[in-house]
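Produce the complete structure using the sequences and hints provided.
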Amino acid sequence: MSAIVWQLLHALLMVGLAPLVTGIVRLAKSRLQGRRGPSPLQPYRDLYRLLQKEAIVADSASWLFRVAPYLIFTATWTGAAIVPAFTSDMTLVPAADLIALVAMLGVARFFTALAGMDVGTAFGGIGSSREMMIASLAEPAMLMMTFSLSLLAGTTAPAGIGAFVLKGGIHLDVSAGLALLSLLMVAIAENGRIPVDNPSTHLELTMVHEAMVLEYSGRHLALIEAAGMVRLLLYMTLIASIFAPWGIAQPDEPAVFAVTGLLLFLVKVVLMAVALAVFETSIAKMRVFRVADFLGGALLLALLATIFIYVSEAV
Amino acid sequence: MLIAAAALSLLVLAMVAVVAGRFPVVHRMVYGATMVAALVLTGGALDHLTGMSAGEAPTTVLPIGLPWLQAHFRLDTLTAFFMAMINAVAALASLFAIGYGTHVPEHRRVTPLFPLFLFGMNMVLLADDAFSFLVSWEFMSLSSWLLVLSDHRSETNREAARIYLIMAVAGTFCLLAMFGLLSGYGGDYTFATMRHTELSGLPAHLVVVLLLFGAGSKAGLVPLHAWLPLAHPAAPSHVSALMSGVMTKVALYAIIRVLFDLNGGVVWWWGAVMMVVGAVTAVVGVLYAMMQTDLKRLLAYSTVENVGIIVVALGLALAFLDSGDRLSAALALVAGLYHALNHSFFKSLLFLGAGAVLGSTHERNLNTLGGLLKRMPITGTTFLVGAAAISALPPLNGFVSEWLVFQALFRGPALPHWTMKFGIPVVGALLALAAALAAACFVRAYGIAFLGRARSAAAAHAVEVNAPMRWALLALAGICVVLGVLPVVVSTALAFVVNPLIDVQMNPAAGMGWPWLSPTGSVKGSYSATVVILVGGLLLLAARFAVRVWGVRKLRRAPAWDCGHAEDIANAQYTADSFAQPIRRVFGSTLFAAREEVEMPMPGDMEPARHRVIMRDPVWDFLYVPIGVAVGRIADLVNRLQFQTVRRYLLLMFLTLVFLLILVAVRR
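Keeping their order, the protein sequence lines are chains B and A. First residue of the first sequence: 1, per the numbering used here; consecutive thereafter. First residue of the second sequence: 316, per the numbering used here; consecutive thereafter.
Mixed in with the good hints there might be a few duds.
[Stated by the list, open to error] Cβ pair distances, simulated, as ranges: (1) A:GLU911 - B:ASP173: 43 to 49 Å; (2) B:SER312 - A:PHE860: 34 to 40 Å; (3) A:VAL981 - B:SER312: 55 to 61 Å; (4) A:PHE860 - B:PRO251: 50 to 56 Å; (5) B:PHE279 - A:PHE860: 35 to 41 Å; (6) B:ASP173 - A:ARG510: 33 to 39 Å; (7) B:GLY16 - A:GLU914: 32 to 38 Å; (8) A:VAL804 - B:ILE4: 54 to 60 Å; (9) B:SER312 - A:HIS926: 48 to 54 Å; (10) A:PRO918 - B:ALA284: 33 to 39 Å; (11) B:ALA284 - A:ARG477: 40 to 46 Å; (12) B:SER282 - A:ASP883: 27 to 33 Å.
[As the list claims (entries may be wrong)] Residues on chain B that point at chain A, a partial pick, calculated with CB under 7 Å: (13) ASP59; (14) ALA100; (15) ALA113; (16) LEU114; (17) PHE123; (18) MET132; (19) MET144.
[Unchecked claim] Covered by chain A, according to a simulated footprint, are these stretches of chain B (three or more residues, beta-carbon under 8 Å): (20) 47-58; (21) 76-89; (22) 156-162; (23) 231-240; (24) 286-299.
By construction, these hints were calculated from the structure, which means they are not laboratory data. From a predicted model like this one, the values you see are computed outputs, not experimental measurements. Just so it is clear, CB atoms sit at the ideal spot from N, CA and C, and this is done for glycine as well.
Rendered as structure tokens:
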């Protein structure tokens, strides 16, 4: 019974917290750039403002254009509901492992890319084709990272890997380090952050995600923006649940642990948000075709992580 | 009995279509009756599957064929599974053909061959001796060859049929030699004898190599795939659906039958070879698919990719079998069969969808389509389901089999051989790459053909197809969804099918029970499409409710904004070529030597600027063309033998005789 309660709380937390996390990243970035920056609550106001506006749909759009925002948001939210943040005593934890999680984010991307092409504009096509190119390298990197982690921990479920780490299974390990690096690179690419894509730009010839959702407005845009925020929090939660699972309550532990886990989770997320802002401020955006090298690197790092496991076993 | 009657009725239907092909109503009736026969065959096979205990297999011996040889037929679980799958697809393709059959060019040549083709495939599955197998195999090949050739006025179709015939003949020749080896020196060609003959050493290796050449070329393994993307699209779409969705599965059936049933022992590197070939096939197939602008050819190349994935699973099963890990072997084989099942449904859905587009617009080139989702809502929606399923998106069926393949693959490092340990991560990376590229490929295909604005008058005036075609598409899309959301039910049935081959009863939900797909073993992980779809539905409602509560419901239609750059010309949209450009640049510049040339006219000149993409096909340039040249040279040399004097011919015969006698003497 407690599992269902925790699950509901977790699902609501992921949606409720996501705009705040994006707000913190934006605030930290502004401060680093010498601006005062908006309040971290600004994304909530932005979403509400978008919801209050009428939605404008292009004449040439089909029904897919109007349905896609709901599907994109739901797929991302479902994925986020499965990754444990403060307790792994949740009903949905076994519903999807890392492979399925990658695929669920794939659903969101599939429909975003299709929606970009639905209106029939040149910008939409640019965005979709680049997004699919990036995904064609990011997804294998993510799956290879899963491979090396499953080799270490004997499971592909994020909760299971976290539990394994908590038991002291992974020490300061070369393979785990490479896998983490690979996951970080994929996370940057998948969330459209600098240096792969710039989330705060319009009308740049290198834009990817913004180009796909250019035609959206009103409630549809609100859903897509919210999905992007949830995705950022999802990746942060994933990184925390695998590589820093300290504080996540395990199913056999008392319920109080979940409360302390929640506090620790908030600390972890704020730290990661600030780290992301620092990273984004200190690096320049790269050309679109350099992204292939960047993600190819991530894929190779994940492969190396697997190879290193064998080497360390053999030594 | 019922199965025999249904199979024979297919032959009768072919006669009817030949005799009374003048009347359109006869074509509809023949396709309708074919559908009924295929449904009966599906039902019979499923009945056998559910009614039989594992390992039981009724056999029949018919006194046909050569006087001292009888034709043996056998229906075991593997055959029943493939029969059910093939005939289910065939039934829906026939339903589609009721509406589509008379729109096909030269349809009077197509209708009689359609039931014959289906008959041939069923007989291959039922055959229980080498002779009936090869005769049925040739029957299947030739009837499909005639179907490829049906629209014989097109030069490209004739070329495709010629290459198909060469490859089919070469493939059958390999299978003939393989069965010769399998039967040992006993000279008995029944499968029952082959099961008891244990081959080892060189003959066993040769069997695997010949099998991969013979059946692999029919399945479309790289580099033997060259005929497939030419021949499959050349046939009418409902036949393409059968060729791509189903005939490749008959070839895979042959591989499974020989490797897991007839050949006896296992050597670890067979699995390694199959995994490497399969992984390369998957990546190369999908990269080719990404570059195509012809919708049907794109689908055919994507078949190559999916066959690669299945062959990786089969190779993995062999490797596990060799190491003695039967449970993992069963998991890998279930994954392979699951993917075969899924692919036969979504690929026929996509081919029939392409047929609907072709019937409605007479266009196959993606760059002339666009905006069809609005004009053809049912075709568009079902094609979307197929595209999402083949892109391995949960909760549809393609993802389940891919998940199982990865789960099996992730157990690979437990294999004892170091080649395997280091090879399996690479194979995994290639498969992951293929899966991600497949998603890109189908976003491109769907986005260009069905979304956006119409790029030609034909696409702008397309109309939805007629009722039988719509129902066939809807049924196939429905099956894709059902196979996706009930993964435990389907994989439990498949575990029953592989039981007699691997000698172990696997429980796909062993870890957590229904509805969590959770095969236990060294790698744990679980997935439940049933739960995901329920939760996803609830969250979707929640999101919708939230938008209703906090948002306004106003909606306005307006011209597209496009950052203020909006162009009215439909050609300003992204095309299939421009969509593929980033991937072509990243992956294609070495493999295909892809280059782009831009011709800019001088300032003031009124000539249009031109942009050309130049690609080479490495398989043709480095393999087929040299082989073709070599065969030509040898033929020229041999040709000299044909114009000799009688004296020389006698001398040649004498020398041959001496040679053979020496050979016999040495053997003694």
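Satisfaction of the hinted span 33 to 39 Å by the C-beta atoms belonging to A:PRO918 and B:ALA284: This hint holds: roughly 35 Å between Cβ atoms.
Range hint compliance [Cβ, A:VAL981 to B:SER312, 55 to 61 Å]: At roughly 56 Å between Cβ atoms, B:SER312 and A:VAL981 fall inside 55 to 61 Å, so the hint holds.
Interface hint outcome for B:MET144 [beta carbon to chain A under 7 Å]: Status holds, d = 5 Å.
CB-CB spacing for A:ARG477 and B:ALA284 relative to the 40 to 46 Å hint: violated (56 Å)
Hint validity - B:ALA113 Cβ closer than 7 Å to any chain A Cβ: Holds - the Cβ of B:ALA113 comes within 7 Å of chain A, reaching about 5 Å at its closest.
Hint check, B:ASP59 versus chain A [nearest Cβ-Cβ separation less than 7 Å]: Cβ of B:ASP59 sits 6 Å from chain A, so the hint holds.
CB-CB spacing for A:PHE860 and B:PHE279 relative to the 35 to 41 Å hint: With Cβ atoms ~37 Å apart, the hint holds.
Proximity test - 8 Å, beta-carbon atoms, the region 231-240 of chain B to chain A, at least three hits: Violated: only 0 residues of the region 231-240 of chain B have a Cβ under 8 Å from chain A.
Supplied distance hint 32 to 38 Å, evaluated on CB atoms of B:GLY16 and A:GLU914: violated (57 Å)
Hint check for B:ASP173 and A:GLU911 - Cβ pair distance inside 43 to 49 Å: holds (45 Å)
Restraint outcome when B:LEU114 is required to lie within 7 Å of chain A by C-beta distance: holds (6 Å)
Agreement of hint B:MET132 with chain A interface, Cβ distance less than 7 Å: holds (4 Å)
This entry does not satisfy hints 2, 4, 6, 7, 8, 11, 12 and 23, going by the numbered hints stated previously.
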